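Here is how the chains run, residue by residue.
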Amino acid sequence: MKALRHRPARVLPAVLVSIVMLALAAALLWAAIARLATGQWWSQLSRAAQSVEQAPWAAPGAMVAAAVVAIIGLLLIIWALAPGAFTTARVASPEPEDAVVRGGVHAVITTGGLATLASGAAHQIDGVSGVRSSATAKSVLVSLTTPLRSRDSLVAEVRAAVEERMRRSGVFPAPKIRVRAHTKEMS
Amino acid sequence: MRILAGGLNRAWLTVIGLVLLVLGVGWLLAASGLLASLHPALDQEAAPMRGASGVLDQPWMPAAMIVVAALLILAGLSWLVRQIPRKRQAPTLRFHEDARQGVTLMEAPVFSDAVAHDVEELEHVTAARALLRGSRSEPELVLRVAVNERADAQEVVDAISERILPRAVEALGVPFTDVGIEIVVTRQSRKSDRVRVQ
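Chains as they are written, first to last, in the numbering used here: chain A, 56 to 242; chain X, 1188 to 1385.
No incorrect hints appear here.
Derived lysine-lysine pairs resembling DSBU-like cross-links, with alpha carbons at most 35 angstroms apart:
hint, chain 1, residue 1, chain 2, residue 2
1, A, K193, A, K231
2, A, K193, X, K1274
3, A, K193, A, K239
4, X, K1274, A, K231
Hints were generated in silico from the structure; no laboratory data involved.
If you're wondering where the values come from, they're calculated on a predicted model, not measured in any experiment.
Required output: the full structure, derived from the provided sequences and hints.
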């Protein structure tokens, strides 16, 4: 059940690169068909071929193009090799009977779900006027606004509430909870 | 719940990235004169594209470009198609042992829809989807369960394990090989119901 807990599949760069490949293919095809139909290349293509003929390795335009190509290559390699964060966190699940499940029950919760749970827990605390949360599989960040000037006890209370919510939800390993509070006067 | 082509994407991005990086860095090294000692053509003042017009005027050039374009289209399209998430749903479930004595078949979605409906009856669950993979004798169940923010994920998982799965196994006749449950938390507090007024 590996597919449940996966890292980013890099769909966006794959789609972008394949669209660039298709665009390049269309341009090549169009140029070749135009050459076969009219007997001559596009004037822009002929002029470009003539102008690059005399250009040395160190031509400024060529060096800029080479640098751009190298940077794109490096970005693609980083995209491919960087593992990326898990999009789900594990949830404790009971050991099933063999007559029901021979392997195991694997449960996860989405990181978006963790953030929503954290916001929900924080919102129940008196003194909290607004909450926004974000989460990874390892940590949850709760940003709250409050009309209170003294925020330390509120931050501790919210942290305890969110930790309790994570514990009751069976999320493991327990994510690190960070709480930031900002005072905002109520109008 | 659905399967994406993560491995394929990472492999091709690495290959294409390496090719572009080697081309770009190679050109920059030649431009800086560092490769001049290897070959006179790599001297920084040499013109690497000399004869480009001549190559363009070769009679085989349009055909070569069409072949390269066809290969690019094949590769690009097949890569693009692989981005469509795959369900890998189980084929038609066969409940019979010997077809000569009768045949009992069930489409996998009939079973998975029934399981999803069962899960939706649990407290705090707002929506559920189920997917059966494998076969009738080696079934694997994947559930995507949306719960409201008052729910405890573990309670929902426990309820599925203790109440839903045994009933599903009873219907299927064999235990699951594996079960995956993905919990999604939503702010929606009610299941969507339709009321028709006539």
